[in-house]
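Note that full-length UniProt numbering has the sequence shown beginning at 1, numbered continuously upward.
It should be emphasised that the hints constitute simulated quantities derived from the structure, not laboratory data. Careful: at least some of the hints might be erroneous.
[Claimed, not checked] Now the in silico label distances, taken between C-beta atoms and shown as ranges:
hint, residue 1, residue 2, range
1, Gly132, Asp14, 54 to 62 angstroms
2, Glu131, Ile28, 41 to 49 angstroms
3, Ala123, Asp46, 21 to 29 angstroms
4, Asp14, Val78, 35 to 43 angstroms
Note that CB positions come from ideal geometry on N, CA and C, so glycine has one too.
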Amino acid sequence: RRGQKTGAGFYDYDENRNPRPSPVTEQIIRDFMAKKGVEPRQITDDEILDRNILPMINEGAKILEEGKAIRASDIDVVWVNGYGWPVYRGGPMFYADQLGLANVVAKLKEYEARYGAAFKPAALLEKLAAEGRRFADLDKAS
């Protein structure tokens, strides 16, 4: 299943390359879920956002802990200019400050309990949240 060029991938495609759900792909997914003992469930847009963005924020905190970046804003500049992060969101570290680091830590812990250590909050993130501080406060201290 090589996608549009063969008319079959995650979706099936008609001669005009219009996608439609593929019964073959759906069966592969159902079989895999059954093998893993996973029940289908609705996933909200917020959960999709959290499960993609919160690990980025967490990794940014680890980068700061390790001294690989001096300021949280350095990480934001890389994401905005290098990876196409939406400018109006200011980068993952700025976005985390907008969410509130205590909220970020709480969500990460919730996902850690559900999905494992990949969501374990970085020590710096927990420290800042416990102190009621933001990543921007680190930038002011530099």
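Results of checking the hints against the structure:
no.: 1; hint: Gly132 with Asp14: 54 to 62 angstroms; in the structure: 56 angstroms, holds
no.: 2; hint: Glu131 with Ile28: 41 to 49 angstroms; in the structure: 48 angstroms, holds
no.: 3; hint: Ala123 with Asp46: 21 to 29 angstroms; in the structure: 26 angstroms, holds
no.: 4; hint: Asp14 with Val78: 35 to 43 angstroms; in the structure: 41 angstroms, holds
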